[in-house]
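All chains should be modelled from the sequences, with the hints used to inform the complete structure.
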Amino acid sequence: MNFKSTIGFEVHFELKTKSKIFSPSPVSYGAKPNTETNVIDWGMPGVLPYVNKDVYRLGIMVALATHSHILPTTHFDRKNYYYPDSPKAYQITQFFQPLARDGYVEIEVHGKKKRIGIHEMHIEEDAGKNTHGTNGFSYVDLNRQGVPLLEVVSEPEISDPDEGYAYLEKLRKIVQFTGASDVKMEEGSMRVDTNISIRPAGQKELGTKVEMKNLNSFEHVRKSLAYEEKRQAQVLLSGGRVQISTRRFDEATGKTVLERVKEGDADYRYFPEPDIAPDHISDEWIEEIKSSLPRSAEERYNQYVNEFGLKEYDANVLLQTKESSDFFDKTVAAGADPQLAANWMNTQVNGYLNDNRVELADIKLTPENLAAMIKLIKDGTISSKIAKKVFAETIANGTDPKKYVEDQGMVQLSDTSVLEPMVKEVVDNNPQSVEDFKNGKDRAIGFLVGQIMKQTRGKANPKVINQLLNDELQKR
Amino acid sequence: MNYLNEDIDSLNEKLAQGTLSADKLAQDTVENIKKTDEKLNAWITVQEDAKPDEDLDFANNKLAGIPIAIKDNIITKDVKTTAASHILDNYIPVYDATVIDRLKKAHVTFVGKTNMDEFAMGSSTEHSYFGATHNPWDFDKVPGGSSGGSAAAVAAGQVVAALGSDTGGSIRQPSAFNGIFGIKPTYGRVSRWGLIAFASSLDEIGVMSKRAKTSAQVLNVIAGADDHDSTLSTRAVPDFTEYIGKDVKGLRVAVVKEYMDAVDGEMHEVIQKQIDVLKDAGAIINEVSLPLTKYVVPDYYIIASSEASSNLQRFDGIRYGYRAEDAKNLLDVYVKSRSEGFGEEVQRRILLGSFALSAGSYDRFFRQASKVRTLICNDFDKIFADNDVIVGPTTTTPAFNIGSEISDPIKMYNNDILTISANLAGIPAASVPAGLVDGMPVGLQVMAKRFDEGSIFQVADFIERNNKFYEKTPAGMED
Amino acid sequence: MEITEETIKHVAGLSRLEIDEKEIGKVTEQMSSIINMADQLSEVDTEGVEETVQVVDRDTVFREDKPEHWETREELMKNVPEQANGFIKVPVIINKDEDE
Ligand SMILES: [Mg+2]
Ligand SMILES: [Zn+2]
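Those protein sequence lines, which keep their order, are chains L, F and C.
First residue of the first sequence? That's 1 in this note's numbering, and the numbers climb one at a time after it.
First residue of the second sequence? That's 1001 in this note's numbering, and the numbers climb one at a time after it.
First residue of the third sequence? That's 2001 in this note's numbering, and the numbers climb one at a time after it.
These are calculated hints, taken from the structure and not from any lab test.
Cβ coordinates follow ideal geometry from the N, Cα and C atoms, glycine included.
Hints may contain errors.
What the hints assert, rightly or not - Calculated cross-link-like contacts (lysine-lysine; reagent style DSS-like; alpha-carbon spacing at most 25 Å):
(1) C/K2066 - L/K290
(2) L/K184 - C/K2066
(3) L/K32 - C/K2089
(4) F/K1273 - F/K1449
(5) L/K53 - L/K79
(6) C/K2066 - L/K18
(7) L/K53 - L/K18
(8) C/K2078 - F/K1328
(9) F/K1328 - C/K2089
(10) L/K129 - F/K1328
(11) C/K2066 - L/K53
(12) L/K262 - C/K2022
(13) F/K1104 - C/K2078
(14) C/K2022 - F/K1328
(15) F/K1080 - C/K2022
(16) L/K129 - C/K2066
As the list claims (entries may be wrong) - Beyond 12 Å from chain L on every Cβ pair, some chain F residues (computed):
(17) V1094
(18) D1138
(19) A1281
(20) F1469
Take a look at the structure:
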């Protein structure tokens, strides 16, 4: 029997705001437990939520970037459930009237393009964190309570694990390039829940859904879905029934493990949040946000490859993060040659980041300085060898390359009236090399260039010396 | 000292003239509360070390140094706030409600927190972890509720003004039962920041006092926009004392047939007499109908209990409040702390609310109630298109005996039939003393369109000047 | 409508309240009469009527995204029944199926 899979995703993105969604507590990572909290985050008696405008702004950016229909009126709702990390014992979310509906992202798998529908997306508050001790106690930190989340719910239109992988990659890239979220799975700013059901080919109604929550990486998503496809098929083929359940992916074995069986849907007693008035999202505001929307990765890719003539590989490396692509764009905007800028970004800059375990935002190199250095190379002021020294200085200390080159006397020697006598002298002093050259030994020129470089302490323009040496040797 | 014959103006005069010091006023107030409260039990916390602020400007600030009572569901920093519940009986807040913040800026003197029905759920102040409050007119009677402590404290002359809260009549019904004035302002007029939520879409903080003007003076201070409550209106707040001392000529007064039908005998007569006074003074009386009146009790109990079931989930024994001692695991912490911490009536409302919101019940109960609420709002809009105020009885009977209704929740719930609609529609409403029935006070309810508290003060003050009820002393307070 | 003991037990579970086995009959009876009082609303024709869930006079009320520090951790911890190293301490969850 042949089976068809139906895969869906609920992806949570932490939205990048400075303060929480309903309270002004700062949003920060790694703070001491319960220090970035206030009476609202604690759900103290008598407190009220107050909506952070930027949460909507960032949510709308993602809605626009996924072609979603933004609802003119949204309203928050309460989802009631008890857990120690949920201080009010309800989550303020959007259930009846979410931020946006009916969007899509386009994926390409095995050379085929496909549109995956986005059912809806809503904004909501994150919960705190529980740490389970081994002594029979749990420890609650409410710093994360109230961090804004955007939950993106796909349509069940994904039919295999590879498509699922591609959907997540694409969605991540889209959100990343709006700048609305850091989209880092390892830091929890992107969290993936997936569900999968299978049914015999030809059958219309969907099979029983199995959920897998908080997967660690896209690769785990792919592996766990692939495992579930097989496992569920075996269950059905052996005459069994798939249980409505939540399963966990076990990294060590590559298998999924049953966590709990659900008996029907949870009763969250959703109802409209009476402490927050409805929010009307005006067309003017949507237009304003649209006009400030950063260019998508796709647009940038097309420009890099078609206009700048970069290799696909180079373009993709630049587009790995919005930060690196932004840096590159600014470097080009500051007058750098795109190809040289891409080379420097993808080799020297990335190398430096990796060696020092830092990010672009942490270093002193500016796009303006990188562009200035590239211009010095391009117009022959410095050699690429000197450039490496200049780069090391600029990236470490933020020094202006032009000033540095001048101060250090690094300007390249290209003046033929200065170089010509030196060339004559070096040829005069090395008759053996003249001999070798005549005998067709290429190395001869290299040796002579080296001599001149030694004399000029590397500042001579290699191109010019090569030309002059050639001319001189021909004459002999 | 007591305030049976005082108000803010009269106390301010003594303070300004120097015949009374604010310190002495504070001390005397506390002493009198301690002396008289043995019979009343109107207070949960008395601040025995109550001290007025320094350098008070009595000439320009009438509230300076005036002792005020605060219902114990309003958050006061560093002063125990319990909502009359075991689950919060040791709770010391770390912030102030907006109304407290504003009263502090007005330099009133805080003397303590008043008794109430637990979490404001009740109409008799019998549902308090700290025991029932007694009515100063007859200690065997209830003071009404849930702001029964505040009402009894004012009626007994322990303070000249008290803050209460009103979700379905909790200011107006006890005001009626105790023969004082009490106003529930428009929803969105007074910040709810720091009011322990019962039903968020209905709750409103208001003021209770013997004289309407006193409440106007306090409301002037506590009303208006606040950065902590996004459901609060940003409209300008008028000076409510400007509505004091006016006549009622030409005022269009609606009398609701269903409300008048709900009272009979002597009670009907007393209310009708107040209406006739308005008529004789030149008000235009129009009989109107609110045909949905019989549905307001079920409508209210679904909506209020649903919201309450969610609002009260935060009391889980984890971060503050009572935690059951023998809780071995997390579920125990929740279930035992809540089952031991909440009283019977609170648990009943939580069960009703959870039921109304649960899968399979939502449409038939919560959604239907929200739709009926729309119809109720529409009916008021229609009446206020042609009328300035609605007047009628505040309650169907005077205060009942302690213990007489507590075992019959439905009977208890029906006490609120005349007051609930104002909360559902968010309109302002007040109760002003109308007279005595069998020696117990009854109240005239005055309602107005949203944000028109002014007309309510105008009518209440007119009635008050006419019947001079404020000159009467509760039977239990006569020495 | 008929309200069963099962329904009341389910609702009590959702509410994290426990009803004494000896009391369940009485509680069910009382809740049943309250629920049936509430159910009178079914008589009202609400065909095509919008819902009113709040009566506020403004909408779209936003706060600017400015972080502020209010209370200190020490203040917030003041009422915590059990704490350790700046964390709120609670017994660990033993029943896995936390949602109903
Ligand atoms: Mg979800
Ligand atoms: Zn979510």
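Evaluation of the provided hints:
1. The hinted pair formed by C/K2066 and L/K290 meets the criterion: a straight-line CA distance of about 23 Å does not exceed 25 Å.
2. For the hint linking L/K184 to C/K2066, the alpha-carbon distance of about 24 Å falls within 25 Å, and the restraint holds.
3. Taking the CA atoms of L/K32 and C/K2089, the gap is about 15 Å. The hint holds against a cut of 25 Å.
4. With a CA separation close to 24 Å, the supplied pair F/K1273 and F/K1449 stays within the 25 Å bound.
5. Simply put, L/K53 and L/K79 have alpha-carbon atoms about 22 Å apart, close enough for the 25 Å limit, and the pair holds.
6. Using a Cα cut-off of 25 Å, the hinted pair C/K2066 and L/K18 holds, with the two alpha carbons roughly 7 Å apart.
7. Only pairs whose Cα atoms come within 25 Å are accepted, and L/K53 paired with L/K18 is accepted, the gap being roughly 11 Å.
8. Of the pairs offered as hints, the one joining C/K2078 and F/K1328 holds, with about 23 Å between alpha carbons and a cut-off of 25 Å not exceeded.
9. For the suggested pair F/K1328 and C/K2089, the alpha carbons sit about 13 Å apart, so the restraint of at most 25 Å is met.
10. For the given pair, L/K129 sits about 21 Å from F/K1328 by alpha-carbon distance, which is consistent with the 25 Å threshold.
11. A hinted pair counts as satisfied when its Cα atoms are at most 25 Å apart, and C/K2066 with L/K53 qualifies at roughly 10 Å.
12. Simply put, L/K262 and C/K2022 have alpha-carbon atoms about 30 Å apart, too far for the 25 Å limit, and the pair is violated.
13. Restraint check: the Cα-Cα separation between F/K1104 and C/K2078 comes to about 23 Å, which is no more than 25 Å; the hinted pair holds.
14. Distance hint between C/K2022 and F/K1328 is fulfilled; the C-alpha atoms sit about 23 Å from each other, no more than 25 Å.
15. Of the pairs offered as hints, the one joining F/K1080 and C/K2022 is violated, with about 36 Å between alpha carbons and a cut-off of 25 Å exceeded.
16. For the hint pairing L/K129 with C/K2066, the CA-to-CA distance comes to about 23 Å; that is within 25 Å, so the pair holds.
17. Once the 12 Å rule is applied to beta carbons, F/V1094 is inconsistent with being away from chain L; the minimum gap is 7 Å.
18. Consistency note on F/D1138: stated as away from chain L, and its beta-carbon is indeed over 12 Å from all of that chain's, at 34 Å minimum.
19. Against chain L, the non-interface label of F/A1281 holds: every CB pair exceeds 12 Å, the least being about 40 Å.
20. Consistency note on F/F1469: stated as away from chain L, and its beta-carbon is indeed over 12 Å from all of that chain's, at 34 Å minimum.
The structure is inconsistent with the numbered hints 12, 15 and 17, although it conforms to all the rest.
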